[in-house]
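A.B. asks: Here is what each chain is made of, one letter per residue.
Protein chains: 2
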Amino acid sequence: QSLLTDFKKTLDFSPATCSLAQLASNSTQWVDKQVTLHGYVGARRVANKTLVFAELHDMSLTSIIQIVSSVTKNVDSISRPHDLLRDLEQHTPVVIQGTVKGRQAPKAGQSSKDESKPMIIAGVEIKLDNITPLNAFPKDLIVTSDTVFSPEKRHLQIKHDKSIRDALIFRSKVSRFVRDHLADNHGFEEFETPLLFKSTPEGAREFLVPTRNPGFAYALPQSPQQYKQILMASGISRYMQIARCFRDEDLRADRQPEFTQVDLEMAFASDEDVMRTVEDTVKALWEKMLPGAALSEAFPRMTYAEAMSRYGSDKPDVRLGSEIRRVEYMLPVDLVSKIGPLSDPIVEVMKVAISDDPATTRKFVSTFMDSPEAASFISNPEGQPGISVCDSRKPLQGLQTFGFEAAEQLEETLDLQDGDLVVLQARKNAAFAGGSTPIGNLRLALHRFACKQALLPPHDPQMFEFLWVTDFPLFTPTSIEPTEPGQGGTTGLTSTHHPFTAPKTAADVDLLLEAPLEAKGAHYDLVLNGVELGGGSRRIHNSLMQEFIFRHVLGMSDERVGNFRHLLEVLRAGCPPHAGMALGFDRLVAVMLGRESVRDVIAFPKSGRGEDLMVGAPTRMSDGQMRTYGLQMAAKV
Amino acid sequence: QSLLTDFKKTLDFSPATCSLAQLASNSTQWVDKQVTLHGYVGARRVANKTLVFAELHDMSLTSIIQIVSSVTKNVDSISRPHDLLRDLEQHTPVVIQGTVKGRQAPKAGQSSKDESKPMIIAGVEIKLDNITPLNAFPKDLIVTSDTVFSPEKRHLQIKHDKSIRDALIFRSKVSRFVRDHLADNHGFEEFETPLLFKSTPEGAREFLVPTRNPGFAYALPQSPQQYKQILMASGISRYMQIARCFRDEDLRADRQPEFTQVDLEMAFASDEDVMRTVEDTVKALWEKMLPGAALSEAFPRMTYAEAMSRYGSDKPDVRLGSEIRRVEYMLPVDLVSKIGPLSDPIVEVMKVAISDDPATTRKFVSTFMDSPEAASFISNPEGQPGISVCDSRKPLQGLQTFGFEAAEQLEETLDLQDGDLVVLQARKNAAFAGGSTPIGNLRLALHRFACKQALLPPHDPQMFEFLWVTDFPLFTPTSIEPTEPGQGGTTGLTSTHHPFTAPKTAADVDLLLEAPLEAKGAHYDLVLNGVELGGGSRRIHNSLMQEFIFRHVLGMSDERVGNFRHLLEVLRAGCPPHAGMALGFDRLVAVMLGRESVRDVIAFPKSGRGEDLMVGAPTRMSDGQMRTYGLQMAAKV
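Order-wise, the sequence lines are chains Y and Z.
If you're matching positions, the first sequence starts at 19 in my numbering and goes up one per residue.
If you're matching positions, the second sequence starts at 19 in my numbering and goes up one per residue.
Do not take every clue at face value.
It does not matter which identical chain is used: a pair holds within one copy or between any two.
With a cut-off of at most 16 Å between alpha-carbon atoms, the simulated EDC-like pairs for lysine to aspartate or glutamate come out as follows [stated by the list, open to error]:
| # | residue 1 | residue 2 |
| --- | --- | --- |
| 1 | K470 | E614 |
| 2 | K356 | D528 |
| 3 | K26 | D528 |
| 4 | K171 | E315 |
| 5 | K538 | D489 |
| 6 | K157 | E587 |
| 7 | K157 | E107 |
| 8 | K180 | D618 |
| 9 | K171 | D147 |
| 10 | K27 | D528 |
Note that these hints are calculated values from the structure, not bench results.
Bound-form chain Y, shown alone (with noise of 0.2 Å):
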């Protein structure tokens, strides 16, 4: 068969002699000399009938070299080599067997320094003596430089889009770093905590993995928090691993059910502790993966209710300014309670620079509001926003709506000048609980809007804004975020963040039963350009109070807690006090090469969809791996 005998002839290539890479770096010493590559065939040009000149790409598609085939005219006998170079489909792979020849630099802009193209290698070129296909590219592929492939061809995506190959190996670099700076730097190991774990009610859906004991299954830890707190227990004093997490999840925002992140725990450490070695984790990592970059000295702090009031969010992006003040006390009666439903409400209010032409800044307005970002304002319960534009050629520079005395005020105390936005929002008399305000959201919806109209600058990609976030309420009510499963308590009550998380002072402990929404935790959440980049806590490492928070303040069964049991065994052999955290790191990484999505920073994403659209993962079970595992499907009901 002649499958077999093309497959044969792949079996023994020669062996390259060097990479492109070597002969870039000291071309003229390799003149003369016989080589030997490997790469894919690139672009071709056929000057004439005996002249052909054709890009080399190197394994990693990183460098090319030209080769260069000539046959003299009065050959009439076929050349092999020659017409395999001009012939065979671009992106195959192949040896190429020639002679390095000295070349004339080619002209400029063809080997210009661009990161995102391959580099050309100027100084040499190779005279074609042989060349072996290693393998068919099959022409029904097209593949032009702005081909753009769906995600069942990641292969393709990935062979022909450097960008992502870039992200991928500066993935691997930035976990590298990491890990080693932790350990030379602050003393710590890796430990690799087990995938197959319980199910136990920490707060996200586990996915779970069914065992042939018919009916049992292990779960997917959604984080390695109880087996890193397991290790304080053990003399473990610095933890640290780049863990795989798992949360089967209603995919929204970017999120993927398997994800990385860069897990850490301390022994006797405080809160301060875990900041401080984080802190210096990511600006030594900065300082080494994207020098050009200038970070504040120390990253600043707000508190949760400084950061809702202030952004409304608890993952404020400073670098828009955009300051929401309240501002009921200074308007008239009449407005605020026309203003939305609500009766007594908080009345926030904020600029956000548009244009310094009204005309223009009035027409973003109504584009923005017909537009489908603006829905979930308008259809807001508290109120949709009321939107005013500076003019000063309107009566009370147009900001009529606040009356005389209100717009004077505020226009002195925003800075208002033409064309600047002012949005005002009511929201319920009551304490921030949540990740964000409406108020807090529509200024992000603004902002992004103002950007895509070019209206506003684009971030400069330079430019990364920490913020240490603290002083999270410990609980909040199980109706603001109903998570699912959830922690499974009675009280109405659920952990902001997850039940082992410790309250941060004395005080706090007393408001566990007396006002348990007003106790802050030991939590922190370190936060860049808008982004919450991870989050961690001092944990609760007394047994009693672990149990007292389970059974008492969350209001779990005797069941739930006896899922705990392990963790409340651990902590009463004498643990020490003990602090971590975790960082996304998909989102780490996407956020230092500023791309959008997590997508663009992980070899094999999921799709919307919890997909592997290039595998065809998740696929049907059979009814024989139904049957090892004791299972069958549910009547319908």
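Given chain Y's structure and the hints, the job is docking chain Z onto it.
C.D. replies: For chain Z alone, kept in the frame of chain Y given last:
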């Protein structure tokens, strides 16, 4: 509540001003300084009412410093720190405040460099000013230096056995070294591949992960094999990953349902390239982590056929000697026919030098034959072993069974001495298949038994005999090693390793059609001291060839081949030749440290039944969980 009060006291503890390591490294400079230390209370000695000595173990339990508390006799008032130091339970985590004082060097021996014990700081001690307990250590937990903890108490086992902690830290350093070496010396980067993969008939049974789309499931990968091949087709030239893998197999012989492997793959590479890279990495690893050990310049190589015939194993432990030889040609015909039920068998013989004294060896033989270890050899359907003991005081040196001529020949060939044990074993006259022969297993069993009986010396822990085993048969009759669930072919052939292994030579390609069982694969195993550290192969990089193997050699159905459609597509897109390898990381670390079981180098290993006895995994699925995934228990048949 008092529990809240107790907990509050541990919320604000003083940070440590230095570590015990810092105190040890330059102890004189610390004298008379005030310090705050963290750690655990160790052994106490109450000299008298006014003088207490206590050990303080540092937070990683690697160093110990002496704490001294003395109160003056005529002080009647209570000294709380003094009382606490005397009365706190051992193992209590504490903060110690005190003054560094010079100390007489303790008696010799105490500060010895026994790495299995914590280091005792000799030059200084701490005069106690204050002590704060940070948690309680319960009186019902009994911990002595020789307590053996059950797997349920893994935290206590790790905490109180320094050798486990040291092994875990060693493991972390090995993984860093391997990653860095492959990156810095061989150009590899680490690429993370998905763990939520799909079920493919690669060989072992996969764990399934049901999704909320009823009837659909992911599968956990048995290795990153397919994804790394996809990367090879995606322009990634050097891939590595320290990867978690999963197999839902019946757990025998120290296997874990989840395990870690050092996985690598190289584009445009042959078997030789991979073996060279791995050999270099392994040598560098040993040099770094086990500097005392001497490794051979180049790892020896042996074909599968040679390993099976000389050692009866495809992972021979060459340290043992006792080579196996075929002897049927020299034996009397009637002996051959008596030796077992087979007609025309192959008969093999080996010598084990148990002792110099025939009586001792005879006693050993009868003890062994009566032990459970011998049962499988006695019931071997190919005939039980014939065991003789060389004894110069007996006729024919005790080798009467062999007849005069053969006895004399054997004596010379095997260089027999008094007390040597001679084993004769028949086997079917057929090509080798599978991992070992009965005489090969008997060779190991006899050596193990003789070591246990102290008749043979234990292995030198610094002796590492590496070996490459090559030229495995590409296919194995399905009847020999029935895999579960197997590749589902219909021709009675199973890929010896996996269906992606390339035939070794052009001649082996030709054999695919006529005599596939004779075809050799381009597979190589790295063996160390009789342990298979890992294996790899050149892969089939040609789509048509891969489909030919699936369909025509293995006889897979359309549906089964369809499961690999993604791989065939990827190979089709101009995939370059590639080869790779995977090293079992748990086993690698265990062998480096001379540990019998991989459980000694895994923080939280699973039991022989696949359970995590500490956390209690797996657990019974709740009705709600089953409902979420559209499943129910299969009806009893």
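A.B. asks: None of the hints should be skipped; say for each whether it holds.
C.D. replies: Verification of the supplied hints:
In this homomeric assembly, K470 and E614 come within 16 Å of each other (Cα to Cα) only inside a single copy, at 14 Å, whereas the closest approach across copies is 63 Å. Neither within a single protomer nor between protomers do K356 and D528 lie at most 16 Å apart by alpha-carbon distance, with minima of 41 Å and 87 Å respectively. Only between protomers do K26 and D528 lie at most 16 Å apart by alpha-carbon distance; the minimum there is 9 Å, versus 77 Å within a single protomer. In the homo-oligomer, the alpha carbons of K171 and E315 never lie at most 16 Å apart, since the shortest distance is 44 Å inside one protomer and 45 Å across protomers.
Taking the closest pair of Cα atoms, K538 and D489 come within 16 Å of each other only inside a single copy of the chain (5 Å); across copies the shortest separation is 65 Å, beyond that limit. Proximity of K157 to E587 under the C-alpha cut-off of 16 Å is restricted to the inter-copy arrangement: shortest distance 14 Å between copies versus 64 Å within a copy. In the homo-oligomer, the alpha carbons of K157 and E107 lie at most 16 Å apart inside one protomer (7 Å), although the nearest pairing across protomers, at 77 Å, exceeds that limit. Taking identical chains as interchangeable, the C-alpha atoms of K180 and D618 lie at most 16 Å apart only when both belong to the same chain, with a minimum of 12 Å there against 43 Å between chains.
Proximity of K171 and D147 under a CA criterion of 16 Å is satisfied in neither setting, with 35 Å inside one chain copy and 69 Å between copies. When the C-alpha separation of K27 and D528 is checked against a cutoff of 16 Å, the pair qualifies only between copies, where the shortest distance is 12 Å, while the shortest distance within a copy is 78 Å.
The structure fails hints 2, 4 and 9 (numbered hints given earlier, in ascending order).
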